[in-house]
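In order, the protein sequences belong to chains A and B. Mapping the first sequence onto the working numbering, position 184 (from 1) lands on 184, and the numbers just tick up by one. Count along the second sequence from 1, then add 1000; that gives the number in the working numbering.
A hint or two may mislead.
[What the hints assert, rightly or not] Stretches of chain A that chain B covers, calculated by requiring three or more beta carbons in the stretch to come under 8 Å of a beta carbon on chain B:
1. 18-31
2. 188-202
3. 269-277
4. 284-295
[Claimed, not checked] If the Cβ cut is set under 8 Å, some of the chain B residues that face chain A in the computed set are:
5. A1143
6. R1145
7. R1147
8. D1200
9. V1201
10. Y1234
11. D1237
12. D1274
None of these hints come from the bench; they were simulated from the model. Where a beta carbon is used, it is the ideal one built from N, C-alpha and C, also for glycine.
Chain by chain, the residues:
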Amino acid sequence: MTISQVSFGSHEPVLDVKDLTVKYIGDTRSTTAVQRVSFSIGTGEVFGLAGESGCGKSTIANSIMRLLKDPAKIAGGSISFGGRDVLAMSPEELRRFRWQDVAMVFQSAMNSLNPVLTIGEQIVDIFTTHAGYSRKESLRRAGELLELVRIDPARLKSYPHQLSGGMRQRAVIAMAVALKPSLLILDEPTTALDVVVQQEIMAQIKELQRELGFSVLFITHDMSLMVELSHRMAVMYGGRIVETAKAQDVYANPRHPYTQALMGAFPPLTGPRVPLTGLPDGVKFRNIPDLAEVAPGHLVAPFGDDIPVIDSVNLEGAAR
Amino acid sequence: MSHSLMTPSAVAGTGTPALEIRGLGKSFPVGGLFSRDSVRALHGVDLAIGSGEIVALVGESGSGKSTLARCIARLEKPSSGEILIDGVDVLKRDRFQASRAFRSQVQMVFQDPFGSLNPAHRIEHFLRRSLAIHGKGGGSEEATRRRLEELMTTVGLEADMLNSYPHELSGGQRQRVAIARALAVEPQVILADEPTSMLDVSVRIGVLNLMRKLRDEQGISMLYITHDLASARYLADRTAVMFAGEPVEEGESLDLLANPAHPYTQLLVSAVPDPARAGSYDPVRRAELRQAVMASTRCAFDGDPNQPCSAEEPVRHHVGDPASRHWVRCHLYRPWAAAGAHALASEPTNPSHPASNAQEEAPA
């Protein structure tokens, strides 16, 4: 069921993010949420962005979709999609760019569906608005879409509350791929779901990805899930990327202490029970430097004694 | 033979278990004021936690694990059954609500450390209050102060933080405060309901290690409720799997996850993402397992002369060596399909069987 881990992505990047900096600007002070972040996603590649709450991963996703609202402001860098500059798009261009070129699946499917419209009406709306199909044709295609994600087309008449959480998320994924976008952004698509459903949704996404050939930007904090799904991944901390490499390399050989802590946060399901140490409470990394290549395709932000790690108190509970 | 075949007291080994639950049931009324309908959230739950033992309770949302914790903590009134602390039935002893004595024996740590600490008070207030209510302050201000600092050190926090407000602390630190508050009354049993699921992943292990440390050093028994099988395996001595309001399988954590016997346990284990076995997802096998959970046609132990098997009442089979205390409920026994469908909370993967979940059917 896995996509071949070797033959992925042409060298032509679909999305190229360079030195992206996003600031939240307040009246008295401002915060840098994302600082000089660069990565690119090839055609048909699944790129994972891992990190904890507040590390800036959703801000990056929203920047790519140009969904950032005040006080957030893109303060520097460039985002290019298929050679086009996303940051320079006019509102009309943006309207076409969103959903036709890049679609996004959010964490909570209940919030991304309109509770007073049926699933059918919401999918038909995509086709009539963006593709200009007739209502009848749109309905037929909406039925096909639901079949694609293994939902009975009779469910077109259902309201979101009549579907289970897993079905809702499937419907949202169906809507996201409706216009065959070349990039799909998944922002924690399964965090609200039970583990059995989560695995089925992820399998569904893999299958669609193989069938339709889109690239994926996959955002999550679950490292196990990310390593399973992604080809390449980046680990973010405090608005910076601390490590990026092939997912298997990060899994087998995490270099940055933060990546190691994240990996160590997921106890294994097999083998002997060994004591793990996560990131001790209160340990913070500051002034993370730019990435440096330590192995082919494996980039890590330098760390060590000269890079200050502050607040390393409270070690007792964690490092037992 | 019913489940009395292997009573939990026999399961727990030597001595009286710190906490024992016998035949606990809970139903919630549904519908209007005069409706007699009810939904059974728990049914015939038997569970024993030995002294100084950590037992994990795993299952998906809707399987009844939080309801069980709330019943044990006496935040809900069970419809039937017994709860024994040190061999004393507390439902009989304190009939209408939990007594202070009960509260000093059983404490709870909740899922959301952001919601369980009053933002208007300093950390010191929560701990001091626990000490004062249960008379564990030691009499003098000096002794109380020493005890407060000791509590903070135990959970891995600095004593200075006593003067902080909850909003000044990170999620992990707040959960440590919640644990310190539970510890203040020197309980025998701590019920931890998903204590790490709201925390950032990198600090989760630290909280689990703290719980393990408390067990090792102070001999506190714990019921660890989680949906994360990997963390249950990491922390708990024994693991019980809940499905549709009943435990369906129980055993030593390592043994249980290595040799799951119930189809539902197998389903759960197979669904945990694990890079070490990437690509293990098999939709055909998954559909079979779902089918076996929802409508099992056979039980692996049917026909074994040493093992009872019944489709009408819950029967426990031993798995492997009886000394390993690993049992599974007969697969043929299906208490009520609708609740099972709800606990599985999903839809069939096979497109030829659309929407078998009764409660999800759209009104025609």
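Results of checking the hints against the structure:
{"no.": "1", "hint": "18-31", "result": "violated (count 0)"}
{"no.": "2", "hint": "188-202", "result": "holds (count 8)"}
{"no.": "3", "hint": "269-277", "result": "holds (count 6)"}
{"no.": "4", "hint": "284-295", "result": "violated (count 0)"}
{"no.": "5", "hint": "A1143", "result": "23 Å, violated"}
{"no.": "6", "hint": "R1145", "result": "21 Å, violated"}
{"no.": "7", "hint": "R1147", "result": "18 Å, violated"}
{"no.": "8", "hint": "D1200", "result": "4 Å, holds"}
{"no.": "9", "hint": "V1201", "result": "4 Å, holds"}
{"no.": "10", "hint": "Y1234", "result": "4 Å, holds"}
{"no.": "11", "hint": "D1237", "result": "10 Å, violated"}
{"no.": "12", "hint": "D1274", "result": "5 Å, holds"}
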